[in-house]
Amino acid sequence: MRRRDNKGENEKFERRMLDEMSKIWDDSQSFYFSPSGDLTNSQQRQWIIQQKEIMTLQEQPEYKAPPLWKKLDHRFFWNQHMLKDVISHDTEMANFWILPIIQGFVQVETCKVDLGRFDRTREAMEPVFETFVLTLISRRSRFRAGTRYNRRGVDEDGKVANYVETEQIISYLDHRVSFVQVRGSVPVFWSQPGIKYRPPPRIDKGPAETHDAFEKHFNEELATYGHICIINLVEQTGREKVIADIYTENVCEFSCPDLTYCLFDFHEYCRGMHFENVSILLTHILDVINEQKFCWLDKQGRICLQFGVFRVNCIDCLDRTNVVQTAIAKTVMEIVFTKLGLIAPEKPVPVNIRNAFQLLWANNGDAISRQYAGTNALKGDYTRTGERKFSGLMKDSVNSASRYYQGRFRDAERQAAIDLMLGNPIPEEIFSGNETSFTEDITASAEQVKHVIEDSKKLLLPDPAEPANPTDTDMDVILLLTRNFYCVAWYDDEADRVSHYQYVPLEDITLIEIGQMQLSSNSLFKTTKSQLSFCIRIYYQQRDDNGQMEPGYFHIFRSANLRFFNNLAVAITSEEEAIESVKYICEAFLGLRDELEVQRVARMERKKSKIPREIRGHEASSSLLNLPAHIPRNFSDKSLSKVSNTMGLLKR
1 MRRRDNKGEN EKFERRMLDE MSKIWDDSQS FYFSPSGDLT NSQQRQWIIQ QKEIMTLQEQ
61 PEYKAPPLWK KLDHRFFWNQ HMLKDVISHD TEMANFWILP IIQGFVQVET CKVDLGRFDR
121 TREAMEPVFE TFVLTLISRR SRFRAGTRYN RRGVDEDGKV ANYVETEQII SYLDHRVSFV
181 QVRGSVPVFW SQPGIKYRPP PRIDKGPAET HDAFEKHFNE ELATYGHICI INLVEQTGRE
241 KVIADIYTEN VCEFSCPDLT YCLFDFHEYC RGMHFENVSI LLTHILDVIN EQKFCWLDKQ
301 GRICLQFGVF RVNCIDCLDR TNVVQTAIAK TVMEIVFTKL GLIAPEKPVP VNIRNAFQLL
361 WANNGDAISR QYAGTNALKG DYTRTGERKF SGLMKDSVNS ASRYYQGRFR DAERQAAIDL
421 MLGNPIPEEI FSGNETSFTE DITASAEQVK HVIEDSKKLL LPDPAEPANP TDTDMDVILL
481 LTRNFYCVAW YDDEADRVSH YQYVPLEDIT LIEIGQMQLS SNSLFKTTKS QLSFCIRIYY
541 QQRDDNGQME PGYFHIFRSA NLRFFNNLAV AITSEEEAIE SVKYICEAFL GLRDELEVQR
601 VARMERKKSK IPREIRGHEA SSSLLNLPAH IPRNFSDKSL SKVSNTMGLL KR
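Residue numbers for the sequence shown follow full-length UniProt numbering, so the first one is 1 and each next one is one higher.
Treat the hints loosely; a few may be bogus.
No farther apart than 30 Å at their CA atoms in a straight line, the calculated lysine-lysine pairs in the DSSO-like style are these [what the hints assert, rightly or not]: (1) K241 / K216; (2) K12 / K23; (3) K112 / K293; (4) K347 / K293; (5) K52 / K216; (6) K71 / K84; (7) K52 / K64; (8) K205 / K241; (9) K293 / K52; (10) K71 / K52; (11) K339 / K299; (12) K84 / K23; (13) K293 / K216; (14) K330 / K293; (15) K299 / K71; (16) K216 / K70; (17) K583 / K608; (18) K299 / K70; (19) K52 / K299; (20) K71 / K293; (21) K216 / K84; (22) K84 / K52; (23) K339 / K112; (24) K610 / K583; (25) K112 / K347; (26) K112 / K330; (27) K339 / K293; (28) K607 / K583; (29) K216 / K71; (30) K52 / K70; (31) K84 / K70; (32) K293 / K70; (33) K205 / K216; (34) K64 / K84; (35) K84 / K12.
Simulated from the structure, these hints should not be mistaken for lab results.
Produce the entire structure from the sequences given, and follow the hints as far as they go.
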């Protein structure tokens, strides 16, 4: 680590690093150790090491087994650098002080299962329960470790970012059944520089250097695990396409028979929050699951070993990866339970076991996400409950904003602290503590708007549809238009929170009105002074308690400060362009329902819409509006307010 000449700056930097390391060790709940066990090696690797020691002892009776720390998988020995002075002594006394620590996740749950039999020795004919232990261990690699936007892709040695080995262990009587999966960043040289929301990926090196590192990575993976089944979940279109393409190209060039490549566009298959469509992927990889098997040990020794692993990745190797790894682990668990006689073939897993399983995997996903991105995992409600719920959607909004805040303001120092712990060099710019000013031009803003619209479209629309224009200069509202309905999503820009959204069927629209309206400082659009603005008002109707259609509802929109032409963002620089933008929105509606009545007025009357039936009282701004049928209505106003308040704490 290079030291600066200024003593004051050195002391300030050291205090910052000590504070950050204290937070990492004390507050993250991410580190685990065992005085007598080996957390770095899977059950299978431990058994193989044990068998080698037995064979060596038979050949060399004087052989003395090495201490536990020398048998470790050094990929996961996180405090190895911090113990280097003790390790260098290499004495029996030093061995006592070497306690390996892993970063990751460990949770153990004891479960009971009803075998469907009864104890006939008791008068009450009590059911017979069997007890087993479900354990989940995740081990994060210390190589290329760090935070999301500071550590991406691969390095020259073939080590990738966010590399985690996850082992699921089922212990029943004398049986231990282990199943291992891994995740890791796409093994090419890529990054996401910039301060924008979801910056586009960028390839950083040429084909020759990239493929050399790619080969190093997979040669090590194949030597460690045997057959590798890659499950690539990145989008095959849009901003992630560059990553999908270069990954596919390098796999084809590598051309290894022990490498299976499966490309599954998660967002395309699971559009509209239909995460259950992961079953399509499982159907196609079921043969691979059966071929890989799992490690099954009992007191007599080995019954079978696992011949390969699934290597799952998305862009971050977090949210989509969590969903897919959980689904694969559940499939394996069902197979294992059948083999152990805990459930009958073709029978579903009991509810209590399913709940424990989902709890472990959801907690695991949250832990891995906190370590890499600074927040809990997105889509965690699906992993935790097996259902995608509106509460989960709201929490995802909070965590997405929090991730952006973490990456923008905190990750640089956190990365420096991690590098210090692991003995890696610290970039010179971190010493100064200067932060880049947060300024963006209209082009950068337009790109962010486009990404937000794409995210909203994938979250809220069940079928592929073309997005409409953003409807406010500060991106407070997003309007999405489809063949059958339009969707309005409201965002509180000042509080950094999602307030609500609403679906309106096109058949319920009664009138479209366009013209000028006087807006003031207390209006919906937050203008600083009274002014005339060209607006569009969409009237619609809803059914009342008697099933009759009731009019008097409407939404009002005005032009944003940019528009999209042929899917390219173009800045609006004049009043004429703003008027044309609003007219274009009107024409888009008429293109879907040409019988719609359109009224053009010189001055639009200011009035209030009726409150939609799903909104109650003064808490309307945080209520759930007109959810589509596929979203469970399980989220109360009170709960939503708590989520919104949490999001409001995030600094911009």
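Okay, the hints, checked on the actual structure:
At most 30 Å may separate the alpha-carbon atoms for a hinted pair to count; K241 and K216 meet this at roughly 24 Å. Simply put, K12 and K23 have alpha-carbon atoms about 17 Å apart, close enough for the 30 Å limit, and the pair holds. Distance restraint check for K112 and K293: the Cα-Cα separation of roughly 25 Å lies within the 30 Å cut-off, and the hinted pair is therefore satisfied. Under the criterion of a C-alpha separation no larger than 30 Å, the hint pairing K347 with K293 is consistent with the structure, at around 20 Å.
For the given pair, K52 sits about 27 Å from K216 by alpha-carbon distance, which is consistent with the 30 Å threshold. Distance hint between K71 and K84 is fulfilled; the C-alpha atoms sit about 16 Å from each other, no more than 30 Å. Of the pairs offered as hints, the one joining K52 and K64 holds, with about 13 Å between alpha carbons and a cut-off of 30 Å not exceeded. Between the alpha carbons of K205 and K241 the distance comes to roughly 17 Å, so the proposed pair stays at or under 30 Å and holds.
For the proposed pair K293 and K52, the alpha carbon gap of about 22 Å is at most 30 Å, so the pair holds. For the suggested pair K71 and K52, the alpha carbons sit about 11 Å apart, so the restraint of at most 30 Å is met. For the hint pairing K339 with K299, the CA-to-CA distance comes to about 17 Å; that is within 30 Å, so the pair holds. Restraint check for K84 and K23: satisfied, since their Cα atoms lie roughly 23 Å apart, inside the 30 Å limit.
A C-alpha spacing of about 26 Å is found between K293 and K216, which places the hinted pair at or below 30 Å, so the restraint holds. At roughly 14 Å between alpha-carbon atoms, K330 and K293 fall within 30 Å of each other, so this suggested pair holds. With a C-alpha separation of about 22 Å, the suggested pairing of K299 with K71 holds against the 30 Å cut-off. A hinted pair counts as satisfied when its Cα atoms are at most 30 Å apart, and K216 with K70 qualifies at roughly 24 Å.
Taking the CA atoms of K583 and K608, the gap is near 23 Å; set against the 30 Å cutoff, the hint holds. A hinted pair counts as satisfied when its Cα atoms are at most 30 Å apart, and K299 with K70 qualifies at roughly 25 Å. Between K52 and K299 the alpha-carbon distance is near 17 Å, which keeps this suggested pair within the 30 Å criterion. In summary, the hint linking K71 to K293 is supported, as the alpha carbons are separated by about 25 Å, within the 30 Å threshold.
Distance restraint check for K216 and K84: the Cα-Cα separation of roughly 26 Å lies within the 30 Å cut-off, and the hinted pair is therefore satisfied. Between the alpha carbons of K84 and K52 the distance comes to roughly 27 Å, so the proposed pair stays at or under 30 Å and holds. Simply put, K339 and K112 have alpha-carbon atoms about 17 Å apart, close enough for the 30 Å limit, and the pair holds. With a C-alpha separation of about 25 Å, the suggested pairing of K610 with K583 holds against the 30 Å cut-off.
As the CA atoms of K112 and K347 are separated by approximately 16 Å, the hinted pair is consistent with the 30 Å bound. Annotation: proposed proximity of K112 to K330 holds, straight-line Cα distance about 17 Å (limit 30 Å). A C-alpha spacing of about 12 Å is found between K339 and K293, which places the hinted pair at or below 30 Å, so the restraint holds. Of the pairs offered as hints, the one joining K607 and K583 holds, with about 21 Å between alpha carbons and a cut-off of 30 Å not exceeded.
For the proposed pair K216 and K71, the alpha carbon gap of about 23 Å is at most 30 Å, so the pair holds. The hinted pair formed by K52 and K70 meets the criterion: a straight-line CA distance of about 14 Å does not exceed 30 Å. Between K84 and K70 the CA atoms are separated by roughly 13 Å; this keeps the pair inside 30 Å, and the hint holds. Restraint check for K293 and K70: the C-alpha separation of about 29 Å stays at or below 30 Å, so the hint holds.
Taken as a hint, the K205 and K216 pair is honoured in the structure, with Cα atoms around 16 Å apart against an allowance of 30 Å. The straight-line distance between the Cα atoms of K64 and K84 is roughly 23 Å, inside the 30 Å bound, and the hint therefore holds. Between K84 and K12 the alpha-carbon distance is near 26 Å, which keeps this suggested pair within the 30 Å criterion.
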